[in-house]
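*Asks:* Sequence:
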Amino acid sequence: MARSHSSRDLAWAGGILALVGLVAALAPGWAFLAVTLGIVALGLGCASLLLPGRARRAGAVVALVSAGVVALGVARLGSSAPDPTPDPGAIRESPAADASGDAVIGVEDASGDAVTGVEDASPIDPDATVVTYQIVTDGMSVTNLSYVDLVDGRPTMRDEMGVPPPFQHVVRVPSGSDLNLADLSVTGMGGATSRRTACVVTVDGETVARSTADGPYGLVTCAVPAS
Numbered sequence: 054m055a056r057s058h059s060s061r062d063l064a065w066a067g068g069i070l071a072l073v074g075l076v077a078a079l080a081p082g083w084a085f086l087a088v089t090l091g092i093v094a095l096g097l098g099c100a101s102l103l104l105p106g107r108a109r110r111a112g113a114v115v116a117l118v119s120a121g122v123v124a125l126g127v128a129r130l131g132s133s134a135p136d137p138t139p140d141p142g143a144i145r146e147s148p149a150a151d152a153s154g155d156a157v158i159g160v161e162d163a164s165g166d167a168v169t170g171v172e173d174a175s176p177i178d179p180d181a182t183v184v185t186y187q188i189v190t191d192g193m194s195v196t197n198l199s200y201v202d203l204v205d206g207r208p209t210m211r212d213e214m215g216v217p218p219p220f221q222h223v224v225r226v227p228s229g230s231d232l233n234l235a236d237l238s239v240t241g242m243g244g245a246t247s248r249r250t251a252c253v254v255t256v257d258g259e260t261v262a263r264s265t266a267d268g269p270y271g272l273v274t275c276a277v278p279a280s
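This note's numbering puts the first residue of the sequence shown at 54, with every later residue one more than the last.
Since the hints were derived computationally from the structure, they do not count as laboratory data. Don't take every hint at face value.
Claimed, not checked - Computed spacing ranges between beta-carbons, pair by pair:
hint, residue 1, residue 2, range
1, D267, G229, 34 to 44 Å
2, L117, M210, 54 to 64 Å
3, I177, D236, 19 to 29 Å
4, A279, V93, 53 to 63 Å
5, T274, G96, 39 to 49 Å
6, M214, V93, 31 to 41 Å
7, P217, T274, 15 to 25 Å
8, S280, S199, 21 to 31 Å
Glycine included, every Cβ here is placed at the ideal spot set by N, Cα and C.
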């Protein structure tokens, strides 16, 4: 009798976990929990198949339902993952610095609303070369970020940690500057939850460098190529 009760308890436990996993798979943002619960329930269901009588039949049902929960959870995870390819129209700009080191007006976000920093009181050189860095990741943050900025006309390395993605920064190289554009680059590292990290560098709106890295803590570097 005790063995019969323990057999039914094993099947019941697997069934309950499978049902909870199914609910999690259908709830937005909880697909990862559905996969975990589904795997545990699948294990319990498979264990029940080794038991006699009703427990075996119940274990078969639990195993089938659990396999469906795992498949649904994996599908939801794949469909909910954002595309980490940088989209200039959807990236909010960090306070960008021009040649004088003062912040300039930001870019528009995806809704068309202006995302602004502090307006630069000095006139912007219309003939300046505009270099734009972009880093995106589908994780929680860019854990390590370094890029070459222009301060008082000189290239200066800046380092930041834990930057919320997506990141964008603009460097304006004044006309007549003897700066070698190949000295301008950006490096970013995704976080523990990142599945893909990407970087893009544009010069006057034209993409000149692009790189991607897969997996947690993926490291990407983009630089202006030597002319």
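*Asks:* For each hint, tell me whether it holds in the structure or not.
*Replies:* Each hint tested on the structure:
1. With their beta carbons about 42 Å apart, D267 and G229 fall inside the hinted range of 34 to 44 Å.
2. Distance hint check for L117 and M210: the Cβ-Cβ separation is about 57 Å, which falls inside the suggested range of 54 to 64 Å.
3. Against the hinted window of 19 to 29 Å, the Cβ-Cβ separation of I177 and D236 comes to about 22 Å, which satisfies the hint.
4. The supplied range of 53 to 63 Å is met by A279 and V93, whose beta-carbon atoms lie about 54 Å from each other.
5. Range check, T274 to G96: about 42 Å between beta-carbon atoms, so the 39 to 49 Å window is met.
6. The given range of 31 to 41 Å is respected by M214 and V93, whose C-beta atoms sit roughly 36 Å from each other.
7. About 20 Å separates the C-beta atoms of P217 and T274, a value consistent with the hinted range of 15 to 25 Å.
8. Separation of S280 from S199 is about 23 Å and conforms to the stated range, judged on CB atoms against 21 to 31 Å.
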